[in-house]
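K.L.:
Single-letter residue listing:
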Amino acid sequence: MDSAVLSLLGAFLLSIIGLFAFIWSMRKGLLVENPKAASMIFAKGEIGRVDDPALLAGDHERMQIAAHEEGDSGSQADPAEIEDRIESDRSTSFPVFMFIAFACFWLLIGSAAGLTSSLKLHMPDLLTEEAWLSFGRLRTIHLNAVMYGWVSNGCLAVIVWLLPRLLRTRLYGPMWVMLGGTFLNAGIAAGVGAIAMGWTDGMEYLEIPWQIGIFIFSGLALIILSALYTLANRRVKELYVSAWYMIAALLWIALLYFVAKLPGVHTGVQQATTNWWYGHTVLGLWLTPTSLGAIYYFLPKIIGRPIRSYNVSLLGFWTLAFFYGQVGGHHLIGGPIPGWLVTLSIVQSVMMIIPVIAFTINQGGTLWGRMYLARYSPTLRFMMFGGLMYMLSSLQGSIAALRNVNGVAHFTHFTVAHAHLGVYAFVSIVLFGSIYFMLPRVLNWEWPYPKLITLHFWLVVIGISIYFVSLTIGGWLQGTAMLDAARPFLDSVRVTIPYLEGRSVGGALMTLGHVVFVGHFFAMALRFGPHRTGAALFWQSKLEPALEK
Amino acid sequence: MKNELRLAGGAVVALAIAAAALVVLPYIQVRDIAPAAGLKPYTETQLRGRQVYISEGCMYCHSQQPRDRTMGPDAERGWGRPSVPGDYYYDKPHLLGSMRTGPDLFNIGVRQPSKDWNLGHLYQPRAYVRDSIMPAYPFLFTVKSAAEEGDQVVNLPPGVTPAGKVVVANREALDLVAYLIGLDHTYPILPAEPKKP
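Residue numbers (the numbering used here), protein chains in the order written: chain A, 42 to 590; chain B, 614 to 810.
Please note that a few of the clues may not be correct.
Stated by the list, open to error - Pairs of lysine to any residue residues, derived as SDA-like cross-links and limited to a Cα-Cα distance of at most 20 Å, are as follows: (1) B:Lys705 to A:Glu279; (2) B:Lys705 to A:Glu245; (3) B:Lys757 to A:Thr169; (4) B:Lys705 to A:Lys278; (5) B:Lys705 to A:Ile503; (6) A:Lys278 to B:Glu617; (7) A:Lys492 to A:Thr169; (8) A:Lys77 to A:Glu279; (9) A:Lys492 to A:Ile503; (10) B:Lys705 to A:Lys77; (11) B:Lys705 to A:Asp100; (12) A:Lys278 to B:Leu620; (13) B:Lys705 to A:Gly239.
Since the hints were derived computationally from the structure, they do not count as laboratory data.
Let the hints inform the model, and build the full structure from the sequences given.
P.N.:
Shown next, in the form of structure tokens:
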């Protein structure tokens, strides 16, 4: 049977299954709105109350007044439920602080390695004397430090902090989480060291040798066990959508990493398909669901309004779960792999439009008419920018998977720009926002210099914009030059140089932003800065008189 | 418990479907592929060289997968015929690559068979290709005042060698060049799956 018939048959089967799933969901009443589940992140009477721990008390008041809407009762949050939340936060504060501290450390290492690699692409004779400083190793150190060090630690911090809050319980087995985090970070450190010394498994995103990967996997397993134990002890009836995303993401990353790192199994072109199955799925089923879960929690929480539709968010979840795992083959379009696989991946890449639209409609509906609140809350700015970039990067990904677009973009810097749009402009920005929200609760201390949050935001937003625009144009020109048989190959190198320089400028701004961010983190952790006792946790009660005026 | 089971079960099934499509099916399909007739296994030296290629991350800028004419002018650039799964029989790990910051190397041994050129180009690419942005790899070489017995002196274009010195290739450089020169997949291939009569 040839591949065209197979893919037609596959598409047919898929639509039949989809139809049955639809009928089933109708019967189960899944399409009936469920406002109770949508507002379960709020305590009784809390809807209408803004919440941004990164704000000073005065600014918080101003935001609360600005957020006032017709029909708000002005009621107070149920103190018993707030007490529960404080209990949840207390149980997670130590592990979450550990993950954030590791994330900050790796962010600095990763940024330095990334910026140096970027400079080397247009200054090829820079720092060539040492093997570990050569481009091939440094770029790999950058990738692993940001991918596993910064982003994964950041995601774990958000998951560990949010799960007990969402399940209205405490974190069970915090010691196991700490131990898991230690294993994980020891593994990352050893892995980065191994790469610097030239010991690598040689596959993109999977460079850390499998012997060291055992540590990373065991670390993840320990954290998962504790998360599942916490889940089993939940005290809420319904699971909020963020909990769906995050628990699934934990299971996915562990299974993915395990299958992809199995030593001695994968070989030849099958190893290539596994490599890219992992390479794209680690973004799609680990970073994306965690960050989406974070937006689904923080964005409504900050503005004090429940998400528009609980069911649309679940639709987004299941379509993401089903389609995202199968898109990896689009990295091998034109490669020596079976044609049906490439076709399948292209189809599923385009199907990814469904979860993106579900997410966008939902968040857009929640924010409708409330966008102006971003003026008051820096945390909200991070969340809104991150959410918007998720939409853009995912739509760009669907388009870039089409054969004729991919023909130009494949093998060029265009792909690198796209990867940074997703992992930086979306995931990292959301993580920054989450950390600004979480840390005052974790440390029971306010951010000492709130102006630095704004500075950080603009540095990284301008930085990534320059980075993305410049590298996208450069990559496209590179691809066009490469496809033109009349032009020598070297033309495709020459044409990129100004854009590679532009990328270094953007990267330098981003790195500067990270220095500001990590510096601020240290100032807060070491209790530097103006002394403020207004522990962010308890201002709900203090706010009362201000509102009555 | 219903919610948890639905969540965990659904999540794992979704991933299992993806793994079946992108990992298991290719495994079954590729498992029985024989090495292409004409493909030679790597020698010891070439395998060591391949390890250097991996350690230095050459695959992050160079692909090893010439594509079909319908996808691009790979053949016109001299990169060779489209590759087939049988070409990768001995490749562990695979080095298909995802970028073409530099040219495809699947048949570099045919385009640049000269050991001197390859060694010199690794030492300083810009001595051969002025606008190249490939990193120089001086750490794969030793600069000495005089060559000793058994040393492989690199013949560099004038002005590249430091004055009064000689540049000697380390073993890693020699291994790497042996691997590169050995990259030759120009042998003819039969259609990947010949139709049964």
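K.L.:
The structure should be examined with respect to each hint, and the outcome stated for every one.
P.N.:
Against the structure, the hints come out as follows:
1. B:Lys705 to A:Glu279: Violated, at about 48 Å.
2. B:Lys705 to A:Glu245: holds, 14 Å
3. B:Lys757 to A:Thr169: holds, 18 Å
4. B:Lys705 to A:Lys278: violated, 50 Å
5. B:Lys705 to A:Ile503: With Cα atoms ~42 Å apart, B:Lys705 and A:Ile503 exceed 20 Å; violated.
6. A:Lys278 to B:Glu617: holds, 11 Å
7. A:Lys492 to A:Thr169: violated, 40 Å
8. A:Lys77 to A:Glu279: holds, 9 Å
9. A:Lys492 to A:Ile503: Holds, because 17 Å separates the two Cα atoms, which is no more than 20 Å.
10. B:Lys705 to A:Lys77: violated, 54 Å
11. B:Lys705 to A:Asp100: violated, 59 Å
12. A:Lys278 to B:Leu620: The given pair, whose Cα atoms are some 14 Å apart, holds under the 20 Å limit.
13. B:Lys705 to A:Gly239: The hint holds at about 16 Å.
Hints 1, 4, 5, 7, 10, 11 from the list above are not met by this structure, while the remaining hints are.
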